[in-house]
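According to this note's numbering, the sequence shown is numbered sequentially starting from 1.
Derived by calculation from the structure, the hints in this document are not laboratory data. A quick note: this is a predicted structure, and the numbers were derived from the prediction, not measured. Hints may be right or wrong, so weigh each one.
Stated by the list, open to error - The calculated label-pair distances, taken between Cβ atoms and stated as ranges, are:
| hint | residue 1 | residue 2 | range |
| --- | --- | --- | --- |
| 1 | E319 | G396 | 46 to 56 Å |
| 2 | L316 | P418 | 31 to 41 Å |
| 3 | G151 | A201 | 16 to 26 Å |
| 4 | G27 | G239 | 41 to 51 Å |
| 5 | E47 | T399 | 43 to 53 Å |
| 6 | Q204 | P81 | 35 to 45 Å |
Just so it is clear, CB atoms sit at the ideal spot from N, CA and C, and this is done for glycine as well.
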Amino acid sequence: MNYLSTRGKSAPASLSAAIAAGLAPDGGLYVPAELPKLRPEDFADCESLAQIATCLLTPFFAGDALAPELAAICAEALDFPTPLRALDTSGSFVLELFHGPTAAFKDVGARFLAACLQRQQAGATRELTIVVATSGDTGAAVAAAFHRLPGLRVLVLYPDGRVSPRQAHQLGCFGDNIAALRVAGNFDDCQQLVKQALADAELQSLRPLSSANSISLGRLLPQMSYYAAASLQHWRATGHSLNFVIPTGNLGNAVAAILARSCGLPIGRIALATNGNRVLPDFFAGGDYLPRASLATLANAMDVGAPSNFERLRWLYPEATRLRTAFEATAVDDAAIRATIHDNHRQHGETFCPHTATAVHVLEQLRARDETGAWAVVATAHPAKFEGVVEPLIGGGITLPPTLAALLARPSHAEPLPAEYPALRARLLAGTAM
Numbered sequence: 001m002n003y004l005s006t007r008g009k010s011a012p013a014s015l016s017a018a019i020a021a022g023l024a025p026d027g028g029l030y031v032p033a034e035l036p037k038l039r040p041e042d043f044a045d046c047e048s049l050a051q052i053a054t055c056l057l058t059p060f061f062a063g064d065a066l067a068p069e070l071a072a073i074c075a076e077a078l079d080f081p082t083p084l085r086a087l088d089t090s091g092s093f094v095l096e097l098f099h100g101p102t103a104a105f106k107d108v109g110a111r112f113l114a115a116c117l118q119r120q121q122a123g124a125t126r127e128l129t130i131v132v133a134t135s136g137d138t139g140a141a142v143a144a145a146f147h148r149l150p151g152l153r154v155l156v157l158y159p160d161g162r163v164s165p166r167q168a169h170q171l172g173c174f175g176d177n178i179a180a181l182r183v184a185g186n187f188d189d190c191q192q193l194v195k196q197a198l199a200d201a202e203l204q205s206l207r208p209l210s211s212a213n214s215i216s217l218g219r220l221l222p223q224m225s226y227y228a229a230a231s232l233q234h235w236r237a238t239g240h241s242l243n244f245v246i247p248t249g250n251l252g253n254a255v256a257a258i259l260a261r262s263c264g265l266p267i268g269r270i271a272l273a274t275n276g277n278r279v280l281p282d283f284f285a286g287g288d289y290l291p292r293a294s295l296a297t298l299a300n301a302m303d304v305g306a307p308s309n310f311e312r313l314r315w316l317y318p319e320a321t322r323l324r325t326a327f328e329a330t331a332v333d334d335a336a337i338r339a340t341i342h343d344n345h346r347q348h349g350e351t352f353c354p355h356t357a358t359a360v361h362v363l364e365q366l367r368a369r370d371e372t373g374a375w376a377v378v379a380t381a382h383p384a385k386f387e388g389v390v391e392p393l394i395g396g397g398i399t400l401p402p403t404l405a406a407l408l409a410r411p412s413h414a415e416p417l418p419a420e421y422p423a424l425r426a427r428l429l430a431g432t433a434m
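Start from the sequences and build out the full structure, keeping to the hints where you can.
Here it is, written out as structure tokens:
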């Protein structure tokens with residue numbers, strides 16, 4: 001299968017080329033030339049997440065050099081659980097995606113991408129540098145996935161002071177081939193710097209670069225797998241589709257669910273939950289799509305004012321009217337996030353991270369207006385990563401997952417960087433100093 005740019009001004013690329021490049025030459029995002037059509041019956045012999053991912057992604061890898069490696073890549077990357085757990089007896093569930101090495105859903109895509117690029121780099125004579133912007137969780141997942149892989153370096157950019165202390169510690173605790181840069185700006189500044197670097201042809205000729213943000217196909221495609229697994233589990237048990245409420249900032253996780261549904265997986269409605277950054281809710285309410293400076297919120301990993309994957313959403317739904325009728329997006333402010341965390345812990349013993357709490361709040365609103373059917377809240381991170389927010393609201397401590405505790409026990413260091421492209425360019429060209 002070939003891959004096209006959302007902007008339509010670049011030549012079709014193979015999957016391997018699209019993964020290696022990250023961004024299309026015209027600045028667009030890569031999308032599949034066509035979407036395969038699958039049925040639940042096609043997954044009859046698949047039980048594990050890795051098996052489901054292999055079946056789901058085989059058409060996307062067709063004809064590519066990585067195709068023979070797909071099963072091994074899935075087995076290597078998707079070796080931790082993503083359980084669908086009932087919240088109550090009325091058809092509400094939580095899809096827990098935080099059981100990977102860095103306790104966030106980003107582990108799925110980051111590990112898959114690393115497995116792909118490691119194979120592509122085998123025998124390469126030039127080192128590849130991964131440049132990634134993070135609003136909190138992406139950077140740690142990428143750093144963990146790429147740590148000490150030969151022929152690969154990672155530069156993580158994060159907004160200084162706008163991630164949680166434990167997130168910041170994770171970002172700087174790896175060393176070796178991983179460097180963390182704390183940028184004097186917001187996430188959108190970090191994202192823009194990464195895009196400028198990827199589009200810099202002269203820099204690319206001197207130091208080959210790629211991306212590990214959700215703009216990367218190598219991260220987006222595997223994220224379809226846990227939506228496939230959860231919806232198939234529910235379909236097999238009930239014969240009905242499963243609806244999802246997805247916390248979203250840069251839209252990558254949501255687009256993965258939309259792609260899985262477009263391929264024929266038994267996924268019903270998809271509701272988007274954002275924090276106080278209202279770009280998406282305002283658009284879906286009928287306004288123009290107007291990117292703006294991001295606001296700092298309790299759900300910091302979703303502090304995005306210019307969601308990159310909106311381009312992919314418009315590719316899937318070119319007509320704005322049809323797009324608006326296909327989904328709804330709801331903004332959840334900090335007061336509602338706090339109340340949701342507090343009330344669900346007090347009433348039901350559930351502990352949610354601030355991002356998951358946005359989705360829980362939206363589900364509560366859906367139920368209040370008598371929405372029926374099975375709905376799964378997507379839990380994107382472990383609450384222990386946000387102890388400063390969560391613990392005062394629940395009145396107690398949160399036990400650290402062992403993998404997270406091990407990372408927090410390591411020393412951590414991050415370098416300062418102004419939000420100016422010449423500074424990043426110089427840092428990339430410094431090469432071995434990383």
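Tested hints:
{"no.": "1", "hint": "E319 - G396: 46 to 56 Å", "verdict": "holds (50 Å)"}
{"no.": "2", "hint": "L316 - P418: 31 to 41 Å", "verdict": "holds (37 Å)"}
{"no.": "3", "hint": "G151 - A201: 16 to 26 Å", "verdict": "holds (22 Å)"}
{"no.": "4", "hint": "G27 - G239: 41 to 51 Å", "verdict": "holds (44 Å)"}
{"no.": "5", "hint": "E47 - T399: 43 to 53 Å", "verdict": "violated (29 Å)"}
{"no.": "6", "hint": "Q204 - P81: 35 to 45 Å", "verdict": "holds (38 Å)"}
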